[in-house]
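Engineer: Residue strings, one per chain:
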Amino acid sequence: MTLSREVYQALEDIVGPDNISDDPATLDSYAFQWVAELSQRGSKFMPRPEAALLPGSTEEVQAIVRTCNRYKIKCKAFSTGWGPYAAPKTDGVIQLDLRRMDRILEIDEKNMFAVVEPYVIGGQLQAEAMKVGLNTHIIGAGSSCSVIAACTSFLGPGPDSIYMGHSSENLLAMEWVMPTGDILRTGSLGSGAGWFCGEGPGPSLRGIARGRRGAWGGLGVFTKCAVKLSPWPGPAVMPVEGVIPAYNSPLPENFRAYTLAFPTWESYADAYNKIYDAEIGYIAHRQFNLLGEEVWPAYIMRFIDPTKTTDDLEELLRLPEIQKLKVEGRRSFQLVLAGVTPRDIEYQKKALNEILVETGGRIVSKMAEPAMERFTLLYLIKMCFKEINMGLAGTYIGTFAQHGTPDFLVSHLRPAAEEALGRHQRKGLIADTGADSMMAAVSGIGGGGDCTFEQFCHYDPHNKESVRGALAYCADAARAARERGMHGGLEDIAREISKEELEESRRHAPQPIIYAFQRKIKEAFDPNDIGDGSYIATEEVKY
Amino acid sequence: MALEDYRAVMERCARGSFCKWIPLAHIKSWRFAKGCPSIEYGGFHSYSATGRLAVSLSLLEGRINYTDELLKIAYKCQVCGACDVSCKVCRDVMETLEVIRALRVKLVEDGQLLPEHMYVIENLRKEDNMMMKSKAERGKWAEGLDVKDLTKESAEVVFHAGCHISFDEDQWKLARAAVNLLKNAGIDVGIMGKDEACCGGKAYDMGYRGEFTKYAQNNIEAWNRAGVKIVVTSCSDGYFAFNRLYPQLGSRFEVLHTVEFIHRLIKKGKIKFSKTIPMRVTYHDPCHLGRMGEPYIPWEGIEKKIRGQIIVHEPSKPIMRGGNGIYKQPREVLRSIPGLELIEMERVKEYSWCCGAGGGVKEAYPDFSLWTAKERLEEAKATGAEAIVSACPWCERNFIDTSNGNGERMKIYDIIELVQQAI
Chain R
1 MTLSREVYQA LEDIVGPDNI SDDPATLDSY AFQWVAELSQ RGSKFMPRPE AALLPGSTEE
61 VQAIVRTCNR YKIKCKAFST GWGPYAAPKT DGVIQLDLRR MDRILEIDEK NMFAVVEPYV
121 IGGQLQAEAM KVGLNTHIIG AGSSCSVIAA CTSFLGPGPD SIYMGHSSEN LLAMEWVMPT
181 GDILRTGSLG SGAGWFCGEG PGPSLRGIAR GRRGAWGGLG VFTKCAVKLS PWPGPAVMPV
241 EGVIPAYNSP LPENFRAYTL AFPTWESYAD AYNKIYDAEI GYIAHRQFNL LGEEVWPAYI
301 MRFIDPTKTT DDLEELLRLP EIQKLKVEGR RSFQLVLAGV TPRDIEYQKK ALNEILVETG
361 GRIVSKMAEP AMERFTLLYL IKMCFKEINM GLAGTYIGTF AQHGTPDFLV SHLRPAAEEA
421 LGRHQRKGLI ADTGADSMMA AVSGIGGGGD CTFEQFCHYD PHNKESVRGA LAYCADAARA
481 ARERGMHGGL EDIAREISKE ELEESRRHAP QPIIYAFQRK IKEAFDPNDI GDGSYIATEE
541 VKY
Chain P
1 MALEDYRAVM ERCARGSFCK WIPLAHIKSW RFAKGCPSIE YGGFHSYSAT GRLAVSLSLL
61 EGRINYTDEL LKIAYKCQVC GACDVSCKVC RDVMETLEVI RALRVKLVED GQLLPEHMYV
121 IENLRKEDNM MMKSKAERGK WAEGLDVKDL TKESAEVVFH AGCHISFDED QWKLARAAVN
181 LLKNAGIDVG IMGKDEACCG GKAYDMGYRG EFTKYAQNNI EAWNRAGVKI VVTSCSDGYF
241 AFNRLYPQLG SRFEVLHTVE FIHRLIKKGK IKFSKTIPMR VTYHDPCHLG RMGEPYIPWE
301 GIEKKIRGQI IVHEPSKPIM RGGNGIYKQP REVLRSIPGL ELIEMERVKE YSWCCGAGGG
361 VKEAYPDFSL WTAKERLEEA KATGAEAIVS ACPWCERNFI DTSNGNGERM KIYDIIELVQ
421 QAI
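Residue numbers (the numbering used here), protein chains in the order written: chain R, 1 to 543; chain P, 1 to 423.
With the rest of the complex left out, here is chain P (with noise of 0.2 Å):
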């Protein structure tokens, strides 16, 4: 949908600003209660979910022009979504996070670009990854492993790196635990190998819509020609791509993160731990796993009234509120390794603080995108835990980044590197 579709949402915002806050009831401290990372960074009003709809209103009114802060409004923003959770405590039909996404493709359409974005969009244009490398380095963490190459060989179950592991050489032990767990329990997976090409999914976030629609139809082209029936990924943005957006153009596949692939394995009994991490770990939820890990519930329908001016919608309309995410698995999982303890931060689910790194923040302000690490680091130190534990490779590279800046002591992992110690 256009800007210009969710006027109502626009005018329908009360700007109670309750999408500043975690959900109100959650608060359990002074600390710890802001749930947007722009408006605590940016400040003015106008770097809120709220201020962002007005802004959105006033352009589509012709109150305001194209400004050089116009564009860090509508960028400066990890588009995390928690704010659109905190507004739907409320409100079935506030759609915030749809407004801010709008309003970037709507940008982009008018060539109200940021250079940052721009050098990344034409690496991915050209090289089909968000991470400025050579498509030719795209397989290497894949080197030596015998797995089936879906180029050529079909299987029922596609690992898909995604490009921060792919080309992240910290990472790429990642990517081989999972495709050798998933061997080990007898699945038939194969990798796309150098062949692989982004999810498309960030290009979404930063409102290229047209460079997502391509990279989705060829993966979903991909996949298919591979008998593909399962689609597994250990990147949270990749997850949400393939699992929210996908599915709106078609796409039926089966899409499991590999932590919920590992939290099958172990209830069936197919990994079984064998040794103890005696470690107090907490646990972040990467946003497109948590809040925005809720599957994609197809509707077409029209808002109708009743009672005069009761807002309803016919047929019934679902609401993605990030209540139903991927949160239980993670967890479960964490709790199963022998020794391991399991302390919550105070903002977690779908009220979670953002790692920093999405939306194109980390592309284009740095500081902004480390600056929101550390507030989650702050979070994660003040529980007592040794660990900071994420299942995004994403989110762990910006921990790691910001720990690096900041002599932080706290220890870093992905999920899975933890079941692969304790196997």
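If we strip away everything but chain R, and leave its shape as in the complex, we get (with noise of 0.2 Å):
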């Protein structure tokens, strides 16, 4: 399908002729996507969309999205765009580039919310938010992130998630461009009594516009929403030092920054629990350890040593002190403490000596030293080393990603993600890190009880046989899970799955039904189904 003269004019009289363009190498840059070479497809582009449109207002987006109503067409927006989840997922889908409507409206104070719009970055706000003495919650996949995106359209767990929430917990009021073309103002917006609550006086739509999950680019354009921010005890810019790549920031009196290693898994699940009990730690997560068990202690050496690269890996793997570090750092995590008073992070401290001593964990002794303090400091408040991710192979593919209580994971997810990922790293088309390659937000909500594990597969997106390798793995992976009593993840939804095998993953989610009350909110909320098909919901409704 190729946009009518007609429809692709009536889309450049709302934006202007410098903000659409339906060229071939235009449109091909939005195709392209991470993962995407996973999919049935084989490619690394995503279906081509008919144009690209940068709308600079909520009254423009509101304007694209009823004309697609008036021609029966699709549209899809994205804010930064990461992942095969931003692009079209099938044919026939107008792109919406929200960069154009970029400005961060507000930061109350007094109230501890900023309003932004949806091309403002996880990092952009950080910074603004700490010279008023507050932080935001930065997910998972890095400060280089949407804001808005995260609050509205994904899941939304982050390092941080323990002590500044989930992104889904953190969504105050918001402006919504609904799939009809109306305009909704959630929450106290919506009662003209400002941005500061998400649930009234006014709609209180959190649930039906994002959910758990998150709408995904197929439920309308959020165009403005108030986020809750959170104390910073730390300084109003926090300096960095180091060359490039071994940035790092000195630790402030009142901080603390981590690797706690324990003697079984059973244990480490006990630290968690102890932890969310004691309320300490201002971040809390497993990060290294998402470049596997077997390489993490050596790679991260680059950001300690600017003049390392990847090429020294083996080298660094058979020093002494990595050797120790990969012993000792079995089953760890991160742990950043931060003190708003001295007694306070005098508190912290004791607790967890504490926790240590009741569980046999301990500090990781190579990880306390001063340079790998302040890189792990660093790393974990600004999530600004994201990109460590694609670091070893090319690229990576999350699996197993599932959330749950700290025993369930490591009793039940744990075994079979290390069982499916360590006999296909044996086979060789996928990086051999280990069978722990797993990365886990000790938190997936704010205080604590439900974390994440999210077992890292690295394969070359170059080499034809890796991705082969890949998909091998994704597939097993996500068996596993379904034998587990456990739904795919993010390895169904790159490798584009059939409408049955994906009905049956989701039929092992924890609360199935939600999947048929997203597809009657779908029916309701998007009459004409102008959203991208990436919505998650059944094809039918089944309860």
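Derived CB-CB ranges, DEER-like:
(1) R:307 <-> P:338: 35 to 41 Å
(2) R:13 <-> P:110: 34 to 40 Å
(3) R:304 <-> P:371: 35 to 41 Å
These are computed hints drawn from the structure, not numbers from a lab. Every residue, glycine too, gets a C-beta built ideally from N, C-alpha and C.
Reconstruct the complex from the two isolated chains, following the hints.
Structural biologist: Printed below as a string of structure tokens:
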């Protein structure tokens, strides 16, 4: 399908000729996506959009959506646009790139929230918030990602969730151009009372609009939102030292940045629970291990010594200190403590010590060296090194990404994930980083109780054999998850599995009825079905 | 390397868009977080480095053909290298800037040219300069200057004025001051005068590899004939060409930017300041002196895999991340001037915002070029500085042109002007 001249002209009339394109080169830049090669197309390119538009205001977005309704054209908006879920899922979709809507409209210091447009990234909001003693939750995908996209359209956990919550928890009032083209202002904004609350006074539609997993660009366009901010007990501007890529930040006196390790997985899970109970921690995350238990201790040295590169990996792995770190760092995660007062940090340290005594855990000695602490602090506070995910083999695919209680994840998910990845790593088509290549959000929601494990498969998207290896692993991982009563994650979405397989997978979700409700929501809010097919819902209502 | 040789880089791009921002660790504000002028001005994703990688792959795969828009995507970029720096914070196998350059080379080879570039290159071929001027005027800047003519004599040091300084009368003083400083310090220095030729660096950035190679070889031969051991230039474009590109053609000269030479002379006590300059200034790192100012390190080897699919090189491959450019010397020179206070902008060193003049943009897209410079002047003003100082005639001219058009009050200097004032 190619847009008719009439439709193109109607869209051009809205945004102006400089802000619309149907040039194939331009459009292919939008079709190109991460892990697209795992799809059935076997190409780096997702379906090419019919046109790309750069709207500059809510009014323009509304006019575009109304035009889509008039002509029965699908549209899909993105903010920063990382991932296959940002691109059109099928042919016949126009792409809205929201990068011209890039303002922080307000930071309300007293009431601790900010109002942002779609192209504001976490790193920008964080920098401005820190100037007034506040901070923003940054999602696991990193500070280059849009705040609004995290709040409205995707899952939204991150390393700081234990203190600052999940993106769904931080979403306050929002401005939503619904699939019909009507504008809905939710929560307190809907009653003219400002941005401070997502639930009222005014329409409380957070669950409808984003639910748990987000709208995925398939349910209209979110054009503004307010996001909750949290206290920041650090400096107004984090000082950054070091030569690229070995950037680091000195630890303020009221901060600590630890890597903690545990003798067994049971004690590891116990430590999570005890940390929740003690209400300590500013950031709690299993970050470095995403590079694999066999590799991470050596790989992170390129962030400590700027003369090192991936080429030095084998040499580094042979060093006794790295060998020791590998052993010490098994079953580990990172914990950043930030005290709002000297007494607070002393309490947190004392509480942590007790937890370590009770669980048999310890602070990993190499990671407690000043250079490692400085790197850990900067990495986790600013989430500024997230392309580390791609650093080993060219790219990665996250699998087994499940939320649950700590004991469920370590005793039920982890063995399955290790067995599946280890078996495929031995074949040589994906990187042999070690069976435990699991990143983990120690807390998926504010305060803890829910956490996440995600098993990383590193592969080379340039090497067709490696892509085939990754695909075979993903299929196996999804099967292993289903056999244990879990539904598939990104591995299913990237592979674009058949409708039947997807339905089967979703039947294993903790609450499959959610997908049925989402279908009802979709039908009610998008009567002309102009939303992109990424929106998560079952095909038919079955409950 | 040809575009096809970079297919792996294209396919390994994860579209993380780090290339659009300064390194995330360094973001200090909403206003100055962006790193790439091209995407900020061009708007569509195709104007980012990751977008250009996608377009290049699409071209190689035969999904698209040449269009006017594709030419704009390829050429509406200063090739400033900010994308490359941000990408390489985490990624050792990516060479985004090289892909952008290779795309231009392919376009030139396929006859996909911009008329504005063709005029400049035609003039280069006839007149040996990028300034649309006659080569007969080239040596005028040195009239009356008592300095060796290296077409007839020999010297240890050649001072290469470069196209811009040679033909921009306002900038003649920069070259004259540089030569006088060198001479007064007892350096055996000479110039090529009217026979000096373009470094070829700008042609290289515009995709005209043949022209670059011709001028590089000619310059290397001329300097060898004159017994030159050290090449000194006040032009950052020239510095990049001599320091990074010429060694790939066998050049073995020591290459110094004037600011490095001045820094050495200050350290040795051969330059002493006697005057105070009571002024708050900020320093603009030229892309070709800063992030692209790292020296060439030869490497021949292969990519191989360890542990199944982890990508490494045999032998270890040097990575140019931009961290070892010429940053310390200009700052120390400025700080050594009595009364001068140096205030840093938010985007500095390897993640500096470009002045806008490079990559053939000033020639083909002057509005974009001036917009980019205006952004930098806004950043400079935000520091509270009275003046912006640079170490490249292209940067200085673009700032002046922008300033003139906007009624800016900020003073604009080349670093050598302040050094000369303070002596």
